[in-house]
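**Q** Line by line, the protein sequences give chains A and B. By this note's numbering, the letter at position 51 of the first sequence is numbered 51, and the numbering carries on one by one without gaps. By this note's numbering, the letter at position 60 of the second sequence is numbered 60, and the numbering carries on one by one without gaps.
Please keep in mind that the hints were generated in silico from the structure rather than gathered at the bench. Predicted, not measured: the structure shown is a model, and the values here were computed from it. Some hints here could point you the wrong way.
[What the hints assert, rightly or not] If you want a taste of the chain A side facing chain B, the calculated C-beta under 8 Å gives, among others:
no., residue
1, Gln42
2, Leu101
3, Gly106
From the three backbone atoms N, C-alpha and C, an ideal C-beta is built for every residue, glycine too.
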Amino acid sequence: AQSVTQLDSQVPVFEEAPVELRCNYSSSVSVYLFWYVQYPNQGLQLLLKYLSGSTLVKGINGFEAEFNKSQTSFHLRKPSVHISDTAEYFCAVENTGFQKLVFGTGTRLLVSP
Amino acid sequence: DTGVSQDPRHKITKRGQNVTFRCDPISEHNRLYWYRQTLGQGPEFLTYFQNEAQLEKSRLLSDRFSAERPKGSFSTLEIQRTEQGDSAMYLCASSEVAGVETQYFGPGTRLLVL
Numbered sequence: 001a002q003s004v005t006q007l008d009s010q011v012p013v014f015e016e017a018p019v020e021l022r023c024n025y026s027s028s029v030s031v032y033l034f035w036y037v038q039y040p041n042q043g044l045q046l047l048l049k050y051l052s053g054s055t056l057v058k059g060i061n062g063f064e065a066e067f068n069k070s071q072t073s074f075h076l077r078k079p080s081v082h083i084s085d086t087a088e089y090f091c092a093v094e095n096t097g098f099q100k101l102v103f104g105t106g107t108r109l110l111v112s113p
Numbered sequence: 001d002t003g004v005s006q007d008p009r010h011k012i013t014k015r016g017q018n019v020t021f022r023c024d025p026i027s028e029h030n031r032l033y034w035y036r037q038t039l040g041q042g043p044e045f046l047t048y049f050q051n052e053a054q055l056e057k058s059r060l061l062s063d064r065f066s067a068e069r070p071k072g073s074f075s076t077l078e079i080q081r082t083e084q085g086d087s088a089m090y091l092c093a094s095s096e097v098a099g100v101e102t103q104y105f106g107p108g109t110r111l112l113v114l
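Let the sequences and hints guide you as you build the complete structure.
**A** Right under this line is the structure:
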C-alpha cells in the first residue's frame with residue numbers, strides 16, 4: 001500500500017522568503033503525485049501535479065515541485081512567499097490504475113510580515 | 001463550471017441521529033469521490049462512483065455509512081446512528097473519466113456529533 005509522509009507539521013516563514021515543503025512517498029508501483037492547498041474552512045485546491053515527463057512541475061501561485069524517483073520525494077517550493085500563502089498544504093499520491101488519492105497529514109505554512 | 005457544491009456546509013447533530021449530506025459534482029464529471037478529514041489529518045478516501053456504480057469502498061466506511069449516486073449526477077452520503085467519532089469534515093470531489101484526471105474538491109460538510 002502506498003503512503004505519504006509530510007515530516008513538517010508546521011513551517012513558519014517571513015514574507016518574501018523562500019520556502020520548501022517536504023513530501024516523501026512510498027509505493028511499490030508507479031505513482032502520480034499532487035500538491036493541494038486548503039485555506040481555512042474551504043475545500044482543497046490543486047496546486048500542481050506530476051504525471052510523467054519533466055520532473056520539475058510548475059503550478060499556480062508561483063509554486064513548483066520536483067519529482068525525485070530515487071529519493072521518492074516530491075518537495076514543493078516557492079522562491080518568495082506572500083502573506084496570502086498562509087494555508088495548509090497536502091501532498092497526495094495516486095497509484096497508476098487506481099482512482100483514490102492518498103494524502104499526507106499536511107503542512108501548515110505560516111507566513112508572517 | 002460552477003464547481004463542486006456540497007450541502008449543508010455545517011451540521012450539528014446528537015449522537016444516535018441520522019444525517020445525510022449531498023454533493024453536486026461538476027457537470028459531465030463521471031467520477032465522484034467521498035473523503036473524510038479529521039482535525040489535523042489529511043483527507044482519507046471513503047468511496048467513489050463512476051456514473052451510478054459504486055466501484056470501491058474503504059474499510060473506513062462502516063455499515064452505518066451508505067452512499068448513493070442514483071442517476072449518475074448528485075450523490076448522497078448517509079450516516080446512521082451517528083457517533084462522536086464521526087465528527088469530521090466530509091469532502092466530495094469529482095473528475096472526468098479519461099486517464100488521470102484532476103479531482104476537484106467541494107467546500108466540504110463539517111459534521112459535529114454531540
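**Q** Of the hints given before, which are not true for this structure?
**A** none
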